[in-house]
Amino acid sequence: MYKSFFGVVAMDGMNFSIDEGEVRCLVGENGCGKSTMIKVISGVYPFDEGTLSINGKEYRHITPAGSIAEGIQVIYQDFSLFDNMTIAENIMMYSTVASKKVLIDRRAIRRRALEVLERIHITMDPDEYVSGLNVAQKQMVAICRALAQDCNLLVMDEPTTALTTKEVESLFEIVKQLKAQGVAVVFVSHKLEEVLEICDSITIMRNGKNVYDGKTTDKKLSKEEVIYYMTGKQFSSAVYDFSATSQTPLIEVKNYTLGGAFEDINFSLLPGEIVGITGLLGCGRSELAESLFGLRPADSGTVLINGTDVGIFKRVEDALKHEIAYVPEDRLSEGLHLEQSIADNSVSRVIGSFANRLGLLNRKALSAQVKKGLSSMTVSGMRPGNPVKSLSGGNQQKIVLIKWLASNPKILILNCPTVGVDVGAKSDIHEIVRGLAREQGIGVVVISDDIYEIMQLCNRVLVMRNGRIAYQTDIGDTTLEYLEASLAADEEGLA
Amino acid sequence: MKHKLHFKADRDFVRMLIVTIIIFAAMTAMRPNLFLKTANFVSMGYQLPELGLYSLAFMVVLITGQFNLSIVATGNLCCITGMMVMHQAVEKNLTGGAAWGYIFLGCLAAIAVGLVCGWINGFVVTYFNVPAMLVTMSTTAIFTGIAIIITQGKAMAGVPDELVYFGNHTLLGIPYALWLLIAVFALTAVLINRTSFGFKLKFVGSNLKASHYTGININKIRIRAYVYSGLISALCAIEILAHTNAAKADYAESYVGQAILCSVLGATSPNGGYVRMACMALSMLSLQFLSSGFTMLRLGGYFKEFAWGILLIAVLSFNFISQELRRRKSIQAVAKARVGQKS
Amino acid sequence: MNRLWKKIRGANESKLLALLVVTTLFFSILNPDILTLANFYALVRTASVDAIFALAIMVVICSGAFDMSYAMVGAFGSYIMMLLCTLNGWNLPAVFIFLGAIVICVSLEMFNWALIAKLELQPYIATLGTQMILKGAMLAFISTKFIYTLPASISKLSTTYLHTAAYGSGVESQLHITLIFVVALYVIMHVVMTYTNFGRQVYAVGADPAAASRAGIRVARVRLLVFVIAGILCGLGGVLHDVVARCSYPVPSDLVGQELTSIAAVILGTANSAKARGSVLGTLLGVLLLEYISGNMILIGVPSFYIQLASGVLMFVGLVIQMSNRERRRHSLKKEAVPHEA
Amino acid sequence: ACGGDKEPVNPDDGPGSGTTTSKYVIANTPKCIGIEWWDRMQVGNKKFMDATGHEVYQAGPAGNDDTAVQIATIEDCISSGVDIINVIPSDPDACETTLAKAREAGIVVISHEAENMKNVDYDIEAFVNEEYGAHMMDLLAEQMGEEGGYCLMMGSFTMTSHQQWVAGAVKRQEEAYPNMYQVCDPVESAAGGGSGEGSYVIAKEVIAAYPEVKGFIGCDMVDPPGIAMAVEEAGKAGKIAVTGTCLLSVCKQYLENGTIKVFTAWDPAIAGEAMCALGVMVKEGAEIADGVDLGVPGFEDCTLKGNILYGSAWFDCTLENMDDYNF
Ligand SMILES: Nc1ncnc2c1ncn2[C@@H]1O[C@H](COP(=O)(O)OP(=O)(O)OP(=O)(O)O)[C@@H](O)[C@H]1O
Ligand SMILES: Nc1ncnc2c1ncn2[C@@H]1O[C@H](COP(=O)(O)OP(=O)(O)OP(=O)(O)O)[C@@H](O)[C@H]1O
Ligand SMILES: [Mg+2]
Ligand SMILES: [Mg+2]
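Residue numbers (the numbering used here), protein chains in the order written: chain A, 1 to 495; chain B, 1 to 343; chain C, 1 to 342; chain D, 1 to 327.
One or more of the hints may lead you astray.
25 Å max Cα-Cα, derived BS3-like pairs, lysine-lysine [as the list claims (entries may be wrong)]:
#1 B:329 <-> A:209
#2 A:389 <-> C:145
#3 A:179 <-> A:57
Computed from the model, here is a short list of chain C residues facing chain D with C-beta under 8 Å [as the list claims (entries may be wrong)]:
#4 139
#5 169
#6 173
#7 174
#8 208
#9 221
#10 251
#11 254
#12 292
#13 295
#14 298
#15 299
#16 303
If you are wondering where the hints come from, they were derived from the structure by calculation, not from laboratory data.
We put the beta carbon where it would ideally sit given N, CA and C, even for glycine.
Using the sequences provided together with the hints, build the complete structure.
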């Protein structure tokens, strides 16, 4: 099968097949064409060449409606939810459309939506509007929507990126149930542990081609092997060891409180330190990060920068003054100007400093900066003049980093820096972050729900529960299992 | 790198250039002995500044993805303020230096009013979360309402002759008013392409939230866009005073629609974030050619309106069609490349 | 019960209703006549045409598109019918005149649809273009004449009243027949938008066309139907405009150029700058509020030179109250809320 | 007035080329084009064109008046080298400088509905504007029995001629009809959205707010029918007098059913024709003196005051004499 966008070849002779009751994982680096293949199957994109057969029937064109009629359900990477509708309406949207009835029964919709929500054990108000939900909740709604229909093939495009371990587990529970019912499941993820845990068979993609196909029952692949197939490179994981060079914290917060989000937060960050903050959904870590960047002023507390009290940040400018950089959670809506060029995006943070007193830009210095920034990381498929939206997820994230590093920050706050980023790019990003901390003495705060990531990247970790710091330890003093348990302990109401 | 940076832009430019040339050629062909006369160009030079300035005022805000429908209402309020000050010089029969003093004061007053009006628009749009289109629609009613109360609806006339001279004479064959437009245009072009403010305008236009998260003071930028828009309106008001020697609450109301037309034809993205000054210049010229040409063809004002509408839709559809063609071509190219590989 | 109460309290319609009630009470202190039945009839008479056009633009806004040409489309359709009747001396029953106007308006709106859905032009700009073309074409090629002698069936409708009431002073005011049209259309559209599959699909397309097409919705078809509905409403609105005005203008200046007022009404009723939330009830309340403000200025004794300023200020205040409340609630945590793009 | 008359007469006949045959190009630039009143003026222009062979064309803002567009149109007319410009400015003051340029270029400028303009060769008036206002007041007072409250409605507050009429009307009332009074400041139909609907809405509100109102004067052509409709709906037909400036074609139904007893007007066609005739006379160097005959009905014996030429005033149209008017 072949597919191209304006000369960018996204699928280049891809072969893929799946049988009843099979759970097949699809892995590959960012931008290798996983989502594109899914969209071809579901009829969102037409394909240029090749064959597509579903249930033995060959299709030259398939529409989304046709694909749904064939029993294919997709959980899209970007959710494809309707912000202006309630959770119940969203969950039942596909079946409403498919029913072709003229009138709708609002009460039945609500009832069936509740059933689905119960089935995967989540409590949400079905009358709430989706626009008010956070990413994880939206992901759950998208999953519910797919489960609400009867399907033969369920395609999940990175369903776990926004979910916590607990929720992932219950998702896997459901996958197993579906499998027992004979439903085929395509599972796309960058989290290889998950992949290896759930799948029966695996397809590894590279540059729009399948490079490996096989059942895990036939041959057990190791994580390293998968990575090798994906990237064509060997991959090693190193741990960050930190030794303090100075005892004055770059930033220290005391009794930091924001009503409804977090309270009584105390922590400090030394130069060269990488501190991880983790916790379950809704524990307030995003709010904490945003608050440290001045996006949501805290209600009370003290912020010390290099030992001096600077007061609570009221605006982003306050944080910028103290050379804090913030890489937001959602790069698409918060991190990048998708329509603007890669070059412009890379200097958007520092553009002001290239202006003279009249506000005129020094264009030569500016384009030097663009060159410097873009050459500091390998961004594949990049043309500086093209809009950023032409890049894939991991590469976009690198542009966000480049943008912030241009301003030479002292403190770097990374909010889920590797969500939806593949292993190759992930290790690139980790390497860069470690380098920054080690060589330039930058203090880094990493917010992540990926405990493996925390273990690899950080030298210290804070676990948050219900808006408070529940547990704080050096990475060396803890183990992965213990950290996971401490999250779970919260769930069970212990500790 | 630079030549690639403006890949899309150059296509817009070529398209607009073709449109302008076609209109010019058509008008010339139909009325050769009238259209090509110097007098005609001078006359167009007198007409263009008002539309041009208002279009720039609209465009500046459009870059941020917002609308400013009160450009003309702001201009008229400035005009009336300026008139109230300058008219005193006429009443006192002042000439020379003293008159110039009043002119200067009047200009200052007009500019101050323009800035304030712009600021009000910007402030409300930025802090109150009401769609800009509706905010500026109601401020249009408010500004015009104030103008009506001040003037009781009547025209005010009589600024010092020193100013009127500049509204109705040429320098190097080009009307002073057009020089003003050229100056403001150049200033705006520099502002947009060569300053960090212009850069930020585009960023704010293309993604408000990301700009905020990048540390751009989005509120400040958006307010400044409106304030600059108000400033251009005020400058236009001064030009109107000089040109017509009069001020009135409803002068040039139909220029709002034309300013939108001109901005969009000039390749400014209606969704914000993209602007191309060279296209703006061509867009102004082509609208003026069309307008003057139609009067010369003795066709009523409604033909003009009709032609503008057609032009707008034709130019915009052209975008789509050329994009579609390119898409087809790229698919073919890829297919061909693959066939080549296989063999 | 609890759920219902929460819903009522949360709905922006209730807030708008409150705003309307407060305005009315405030006005009625200034002039008790405001609260008379007669004044209500007067409101119905002046608001009915706007209400129908607002409904047309609401459907379009819900589908995520926009239409600046609707008033011109309506005027175009009805004027052509009146002109045909006058020139040919036809004495058509009202039904045929309505139908004829609807056919014309639907085809014009389909032109808009083609521009927006097929050529992918920005809706605001594309329909502004349509408006210019129609206005220019009307005056340049069709006619500039006002038609004061409408077909008999239409003039009969013009003076058909359901009821007559009087102000305290004895000045009369009639409940115009158009009320029936307005009520019927609002009920129908409310059902269509809230209780039909199609209505759901319109909102879905408005929220995110890509997601809608992934849901198996035929986006282009939904959009087409939306514009057809808008065309039908415009046709009705156009003819009813002639009915109440007792004449037909080629380019009626109380409609063409005033499009934003109806759009403001829709957005007031939506109370959300984010698109695709429009509701039928909210639209009605929005229209009533704006008509109330602009239609009672003289009654509450605003000096005439101050009317434009006063209605501008009131509308401004209404918009600010209605919009900022909502945003504040939604961003209760984000003190420095990042506003939506308009 | 659609179709034919807007086509260019002979598009490539450059101006001035007609010196041998002395055929002039006359540009008629009214406040706006595309509405009944100015269409009627175009009828007069056409008549003149057919009778004399001079070329007359109309240009200006479409649908709504806009001074800026009108000035731009005049600029275009100047540069296209017309011989005569007839202008009915919506804002006389704002047009002065541009018209001065026209005259510098040797173009004869004739204005209408704009007394006291400096940069015109002649201004031609069907009447003195204040007197016309006073006349409307006389008509109203007669119907109201010279007592009671009345209301003045302008097209918009910014229309200069309407301002003068209103001033004239108020002055006459204060001098001659002490028992009459204005119930409120003059109102503008533009506030109700312009067109007849605007007049209706505003009138209806005025009637509700000031039930004592006994009469209306509508300055704009669309006002009297709009007011008449409001009066009928208020159940006050015959009790509230409606008069003002109108055209028969516009308010015929109200004249027939008696809601409007009399309205007044002058014929825009004749005004247009008279402007053309005067323009040509000036261009040809004919002497313009008191009592000059423009060869157009109503302008056979004009009074000259300064540079203003007054014709024989308005006509009043009633049910009885309405058959005399075909517009
Ligand atoms: N709509 C589009 N227009 C142009 N190029 C596109 C489009 N969608 C995808 N691409 C390109 O096609 C390639 C494959 O993208 P795809 O989204 O399928 O990657 P992916 O494997 O899902 O990556 P990720 O893991 O980041 O989600 C990328 O290079 C991307 O830039
Ligand atoms: N708009 C809102 N209104 C009211 N409360 C909110 C809102 N958004 C978040 N909260 C509350 O703030 C707290 C933290 O929210 P949030 O879910 O964003 O945390 P988080 O740590 O960022 O989780 P994750 O990163 O996994 O999404 C929760 O108690 C949540 O209910
Ligand atoms: Mg993907
Ligand atoms: Mg969060």
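Each hint, compared with the structure:
Proposed proximity of residue 329 of chain B and residue 209 of chain A is supported: the alpha carbons are some 24 Å apart, at most 25 Å. Taking the CA atoms of residue 389 of chain A and residue 145 of chain C, the gap is near 53 Å; set against the 25 Å cutoff, the hint is violated. Among the hinted pairs, residue 179 of chain A with residue 57 of chain A is consistent with the structure: their alpha-carbon atoms are about 22 Å apart, no more than 25 Å. Against a cut-off of 8 Å between C-beta atoms, the interface hint on residue 139 of chain C holds, since the closest Cβ of chain D lies about 4 Å away.
Restraint check, residue 169 of chain C versus chain D: the minimum CB separation of about 3 Å is within 8 Å; hint holds. This hint holds: residue 173 of chain C has a C-beta 7 Å from the nearest C-beta of chain D, less than the 8 Å allowed. Because the smallest distance between the Cβ of residue 174 of chain C and any Cβ of chain D comes to about 6 Å, under 8 Å, the interface hint for this residue holds. Given hint, residue 208 of chain C at the interface with chain D, is violated; its Cβ is 37 Å from that chain's nearest Cβ, farther than 8 Å.
The beta carbon of residue 221 of chain C is not positioned within 8 Å of any beta carbon in chain D (closest approach about 36 Å), and the interface hint is therefore violated. Residue-level restraint check for residue 251 of chain C holds (minimum Cβ-Cβ distance to chain D is 5 Å; threshold 8 Å). Interface hint at residue 254 of chain C: satisfied, since its Cβ lies 3 Å from the closest Cβ of chain D, which is below the 8 Å cut-off. Taken as an interface hint, residue 292 of chain C does not check out: its beta carbon lies about 12 Å from the nearest beta carbon of chain D, beyond 8 Å.
A hinted interface residue such as residue 295 of chain C counts as satisfied when its beta carbon comes closer than 8 Å to some beta carbon of chain D; here the least separation is about 7 Å, so the hint holds. At a threshold of 8 Å, the smallest CB-CB gap from residue 298 of chain C to chain D is about 4 Å, leaving the interface hint in force. Given the 8 Å rule on beta carbons, the hint for residue 299 of chain C holds: about 5 Å separates it from the nearest Cβ of chain D. Interface restraint check for residue 303 of chain C: the shortest CB-CB distance to chain D comes to about 6 Å, inside 8 Å, so the restraint holds.
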